[in-house]
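There are 2 protein chains.
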Amino acid sequence: MARTTGSDGEKTEAAIREAAVNLIARFGYEAMSMRQLAAEVGVQAAALYRYFPTKEDLLYTLMREHMEGLAKTWEAARPANAGPAQRLSAYVENHIAFHIERRQATHVSNMELRSLSPERLTQILRMRTAYEKELRAILRDGAEADAFSIDDTGLTAMALIQMMTGVIVWFRPGERLSIAEVTATYLSMTMRLVGAASATAPRVFLDAQRTL
Amino acid sequence: MARTTGSDGEKTEAAIREAAVNLIARFGYEAMSMRQLAAEVGVQAAALYRYFPTKEDLLYTLMREHMEGLAKTWEAARPANAGPAQRLSAYVENHIAFHIERRQATHVSNMELRSLSPERLTQILRMRTAYEKELRAILRDGAEADAFSIDDTGLTAMALIQMMTGVIVWFRPGERLSIAEVTATYLSMTMRLVGAASATAPRVFLDAQRTL
Chain E
1 MARTTGSDGE KTEAAIREAA VNLIARFGYE AMSMRQLAAE VGVQAAALYR YFPTKEDLLY
61 TLMREHMEGL AKTWEAARPA NAGPAQRLSA YVENHIAFHI ERRQATHVSN MELRSLSPER
121 LTQILRMRTA YEKELRAILR DGAEADAFSI DDTGLTAMAL IQMMTGVIVW FRPGERLSIA
181 EVTATYLSMT MRLVGAASAT APRVFLDAQR TL
Chain R
1 MARTTGSDGE KTEAAIREAA VNLIARFGYE AMSMRQLAAE VGVQAAALYR YFPTKEDLLY
61 TLMREHMEGL AKTWEAARPA NAGPAQRLSA YVENHIAFHI ERRQATHVSN MELRSLSPER
121 LTQILRMRTA YEKELRAILR DGAEADAFSI DDTGLTAMAL IQMMTGVIVW FRPGERLSIA
181 EVTATYLSMT MRLVGAASAT APRVFLDAQR TL
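Protein sequence lines, in the order shown, are assigned to chains E and R. In terms of full-length UniProt numbering, the first sequence opens at residue 1 and continues consecutively. In terms of full-length UniProt numbering, the second sequence opens at residue 1 and continues consecutively.
There may be inaccurate statements among the hints.
Below, simulated EDC-like cross-link-like pairs (lysine to aspartate or glutamate); rule was C-alpha separation at most 20 Å, straight line [to be verified]:
# : chain 1 : residue 1 : chain 2 : residue 2
1 : E       : K72       : E       : E40
2 : E       : K55       : E       : E30
3 : R       : K72       : R       : E101
4 : R       : K55       : E       : E30
5 : R       : K72       : R       : E93
6 : E       : K55       : R       : E30
Keep in mind the hints are simulated off the structure, nothing from the lab. Predicted model, so just to flag it, every value in this text is computed and none were measured.
Working from the sequences, and respecting the hints, build out all of it.
Below you can see the structure in the form of structure tokens.
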């Protein structure tokens, strides 16, 4: 397939990926048919197969690109020559920003792992592990430098990632809090959770009455 | 339907619910057919409909019973006349114990909300809100008594719940850590996250090298 930027082929492929994320997030991967997807995009089913020979190729592409995108944004956001607290802040900010912008793709990536072939599942899990390893390294460096106080680096990394990714479950743009406010609160919770020496508790967004 | 304890009908219904949780966790609700479920249980499809007139009745029953079970275990675990820190500990312990024992049902409850009718979705979300409200009340009481230091009660409650429920994603019984060890580490992270006055950092389970 020709990969000219903005070519018709590329636009069609992007439209397929976008429609697939929407349909899978709404109905689930197993329930989505390639015929349904083709109708949504407005192409013949045969055209789909030129881009994605099997439905699983499509799912794998969505998940791989999601993880590649996450690794790439972190690569760009990672501060050079910074201390553990600054690196942890950058990790939290990038993680929340990335996932809030990709709520549906995140749901698909988290929910549909069961439908990948074993080899491809291994590929995706390897990418996840590499990304999580970056967080564990920050936590370990912080603990060794006595900047953080951590019981278990592995558990703390998982706890933080699930806490942060969980934002997509309830966050809706334009409601009570902006992304910046949500990120600031999560940053402050993260710093306290890792026992960061500098962790403070600014009671800026206190809103005890609200029912989420 | 007769509801005698241990009657054949009750056993069949329990077998249907158990098989349904397994199938939905594996393939997704939309992809599971009542025919497939009947085959798994070893009954005629017609028999299923005596217990669950529609597939959505079945899904709703699974989700309702999951939330009722959670509310009931918390009701039993909730300490009377205790301070915020002790109440928070009890909440964390009960939440983790409940979900670790019901990994598949938790996946189903979290992933398949999209397939409920609007009225039933409202019912389930109402039960969730009531359960989360208990946590918000504990956090608010702790903040008011200066036992906790919290920026935003609503966000902190969501962060804690997602962090704790996330245990089911990676925890497998019989691996590195016991449920008691996992719970102790999550308890300590929770207490630090809420800025509990008594939050300490026992470096008991430090295992910085392990790749989760």
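Hints, verified against the model:
no., hint, result
1, K72(E) with E40(E), "30 Å, violated"
2, K55(E) with E30(E), "10 Å, holds"
3, K72(R) with E101(R), "15 Å, holds"
4, K55(R) with E30(E), "17 Å, holds"
5, K72(R) with E93(R), "14 Å, holds"
6, K55(E) with E30(R), "17 Å, holds"
The earlier numbered hint that this structure contradicts is number 1, and it is the only one.
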